[in-house]
Amino acid sequence: TQLLEQSPQFLSIQEGENLTVYCNSSSVFSSLQWYRQEPGEGPVLLVTVVTGGEVKKLKRLTFQFGDARKDSSLHITAAQPGDTGLYLCAGAQSSSNTGKLIFGQGTTLQVKP
Amino acid sequence: NAGVTQTPKFQVLKTGQSMTLQCAQDMNHNSMYWYRQDPGMGLRLIYYSASEGTTDKGEVPNGYNVSRLNKREFSLRLESAAPSQTSVYFCASSEALWDSYEQYFGPGTRLTVT
Numbered sequence: 004t005q006l007l008e009q010s011p012q013f014l015s016i017q018e019g020e021n022l023t024v025y026c027n028s029s030s031v032f033s034s035l036q037w038y039r040q041e042p043g044e045g046p047v048l049l050v051t052v053v054t055g056g057e058v059k060k061l062k063r064l065t066f067q068f069g070d071a072r073k074d075s076s077l078h079i080t081a082a083q084p085g086d087t088g089l090y091l092c093a094g095a096q097s098s099s100n101t102g103k104l105i106f107g108q109g110t111t112l113q114v115k116p
Numbered sequence: 004n005a006g007v008t009q010t011p012k013f014q015v016l017k018t019g020q021s022m023t024l025q026c027a028q029d030m031n032h033n034s035m036y037w038y039r040q041d042p043g044m045g046l047r048l049i050y051y052s053a054s055e056g057t058t059d060k061g062e063v064p065n066g067y068n069v070s071r072l073n074k075r076e077f078s079l080r081l082e083s084a085a086p087s088q089t090s091v092y093f094c095a096s097s098e099a100l101w102d103s104y105e106q107y108f109g110p111g112t113r114l115t116v117t
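Protein chains in written order, with our numbering: chain A, 4 to 116; chain B, 4 to 117.
Restricting the straight-line Cα-Cα distance to at most 30 angstroms, the calculated cross-link-like pairs of lysine-lysine (DSS-like) are:
| hint | chain 1 | residue 1 | chain 2 | residue 2 |
| --- | --- | --- | --- | --- |
| 1 | B | K60 | B | K74 |
| 2 | B | K74 | B | K12 |
| 3 | A | K103 | A | K73 |
| 4 | B | K60 | A | K73 |
| 5 | B | K60 | A | K103 |
| 6 | A | K103 | A | K60 |
| 7 | A | K103 | B | K12 |
| 8 | B | K60 | B | K17 |
| 9 | A | K115 | A | K62 |
| 10 | A | K103 | B | K74 |
| 11 | A | K59 | A | K103 |
| 12 | B | K12 | B | K60 |
Since the hints were made in silico from the structure, they are not lab data.
In isolation and in its complexed conformation, chain A is listed as follows:
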């Protein structure tokens, strides 16, 4: 069974601070997605990374896929209260194109004004 370990599980910071969330596995994934979930709603896709070493930027969010495609990180610059939410990484199984995703446990981010 492929597992994705996300860290930290909880993060409470002040507005304007930077932060990084990590998603690690001993298994190789063919692609990795990052979702954001707000209370009472379903997750919404932020980004998909498919190439080892790939870096994608979405405004103040920077996503990186590890060279070996076993890990990923999400970096937020100058966090804002609107960034508050649950961040989930999800890896696609590399053995076959089944569409099944393995989710990390999630990182709950609270940004205080």
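Add chain B to chain A, keeping to what the hints say.
For chain B alone, kept in the frame of chain A given last:
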């Protein structure tokens, strides 16, 4: 364009009762999924359907059954609810059964089994 809709939003069951969670998508997606979300455990796949007429087990299928009624609808049934099935259930859909395709999620059903 509603995306993915789920009913009901909340449900309380007694142990042993049965119920069906309904899910529908209006994006003409081929693939649909059922997940459960528990604190500290992320989302775990219960069942998925690659296309109309096919269903397959996910990571935690025990105690559940599914039906892909047509391309739009994918239901999840609990035949005899247990307290361990207390969770938030999410339905999702995607254009195809490929790992780089975005999954679109519904708002969830919050189920409590007493």
